[in-house]
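Just so you know, the protein sequences line up as chains A and B, in that order.
Start counting at 1 in the first sequence, then tack on 33, and there's your number in our numbering.
Start counting at 1 in the second sequence, then tack on 40, and there's your number in our numbering.
To be clear, the hints were calculated from the coordinates, so they are not data collected in a lab.
Hints are supplied without guarantee of correctness; some may be wrong.
[As the list claims (entries may be wrong)] Just the calculated beta-carbon pair ranges, DEER-fashion: (1) A:Lys214 - B:Ala132: 36 to 42 angstroms; (2) B:Glu124 - A:Glu97: 53 to 59 angstroms; (3) A:Leu148 - B:Lys83: 31 to 37 angstroms; (4) A:Arg235 - B:Leu145: 27 to 33 angstroms; (5) A:Ala220 - B:Ile56: 54 to 60 angstroms; (6) A:Asp145 - B:Glu109: 31 to 37 angstroms; (7) B:Phe101 - A:Gly187: 47 to 53 angstroms; (8) A:Arg142 - B:Asp48: 14 to 20 angstroms; (9) A:Ala154 - B:Ala132: 27 to 33 angstroms; (10) B:Asp128 - A:His109: 23 to 29 angstroms; (11) B:Glu109 - A:Ala220: 34 to 40 angstroms; (12) B:Asp128 - A:Gly187: 36 to 42 angstroms.
[Unchecked claim] Which residues of chain B face chain A? A few of them, derived with a C-beta cut under 7 angstroms, are: (13) Ile74; (14) Met108; (15) Trp112.
From the three backbone atoms N, C-alpha and C, an ideal C-beta is built for every residue, glycine too.
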Amino acid sequence: MAKVTEITVWTRGVVMDKEARDVANAFSQAAKMEGKFVQAFDNYEDLPDRVLVTTRKYARISDEEIEMKYLYTNAHPDVVVIVEPTIVKGINVLKGMPEGGLLIINTNRSIDYMLKFIPNADLLGAIATVDADGISGIKTVDFSGSEGGVDTAGIGAGIAAPLLGAMAKVTGMAKKENIAKIVTNVAAMERGFNEVKIQKFRKSRAEYFWGG
Amino acid sequence: MAIKVPKDREVPFGAITPAPVKQQELFITSNWRIVRPVIDHDKCTRCFTCYIACPDSCWSFNEKEEKMEWNWKFCKGCQICIHECPADALSAAPELDFEDGVVRLEKPF
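Take these sequences, add in the hints, and give me the full structure.
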């Protein structure tokens, strides 16, 4: 089986649920446009209906057909995206991550300050921060797109857009041009692409391109 | 701090607890919090409005030190106490400003 890149998006229930869903859905959709095989899942294991409770969204990207279609949780996430930075204090966000993974945080704080809250940061291949709250600041609250429904509020109207831009630059798995076809707020996506800060560690693996 | 219940009277977890005014094992929801209430003990008049207003009884009175005590493990950062405080002794601070109060849970909630 070909290598499947697992992406886990951590967010908070209800208030930022839609934004994280947009990150997982839009990024995998953009990768699909480039001929990759993708899966994206909303959350069923955590409790997404409680305000502020930490929940996850999942996406998988692979060059070949993904066989593990009955498992919707990512046991070994290669990329972890954190939509709300306080989550690093309450959850071991790098749980299950293989060495050399990537962590993307939506924060305006410095990378060194965020690393204080990540005790197992030696697993990381790279860490990136983007101030999505400062760029967009909009948090759409809408449940119409969960569980396979049609997203009436539009994809990537809020803080998801700068996060997607940052992911496009740092992971290199989906092109910015393809994400621009999906998201509503293209200007915020461009700003996220340009303003992402990245710090690389020596552990980065050859099969991944964490850069920008 | 588990309570000893006889075998024949066993009940599910959470059915019997000490009154939730003090920190308890397993009653940890501090990872829901984005904003933390910070108390100014000089401004505090000990009116107990925060104690009454808090939906989760996270404020209690420490009789020895004669000041309000905050249950940081159970507080979810709803900010009701901050809005209700008549003496303006409580203020909201981003949780990430503090390096203490880190509780990493195995399950997300």
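Each hint tested on the structure:
{"no.": "1", "hint": "A:Lys214 - B:Ala132: 36 to 42 angstroms", "verdict": "40 angstroms, holds"}
{"no.": "2", "hint": "B:Glu124 - A:Glu97: 53 to 59 angstroms", "verdict": "58 angstroms, holds"}
{"no.": "3", "hint": "A:Leu148 - B:Lys83: 31 to 37 angstroms", "verdict": "35 angstroms, holds"}
{"no.": "4", "hint": "A:Arg235 - B:Leu145: 27 to 33 angstroms", "verdict": "31 angstroms, holds"}
{"no.": "5", "hint": "A:Ala220 - B:Ile56: 54 to 60 angstroms", "verdict": "56 angstroms, holds"}
{"no.": "6", "hint": "A:Asp145 - B:Glu109: 31 to 37 angstroms", "verdict": "33 angstroms, holds"}
{"no.": "7", "hint": "B:Phe101 - A:Gly187: 47 to 53 angstroms", "verdict": "50 angstroms, holds"}
{"no.": "8", "hint": "A:Arg142 - B:Asp48: 14 to 20 angstroms", "verdict": "54 angstroms, violated"}
{"no.": "9", "hint": "A:Ala154 - B:Ala132: 27 to 33 angstroms", "verdict": "29 angstroms, holds"}
{"no.": "10", "hint": "B:Asp128 - A:His109: 23 to 29 angstroms", "verdict": "49 angstroms, violated"}
{"no.": "11", "hint": "B:Glu109 - A:Ala220: 34 to 40 angstroms", "verdict": "48 angstroms, violated"}
{"no.": "12", "hint": "B:Asp128 - A:Gly187: 36 to 42 angstroms", "verdict": "41 angstroms, holds"}
{"no.": "13", "hint": "Ile74", "verdict": "5 angstroms, holds"}
{"no.": "14", "hint": "Met108", "verdict": "23 angstroms, violated"}
{"no.": "15", "hint": "Trp112", "verdict": "11 angstroms, violated"}
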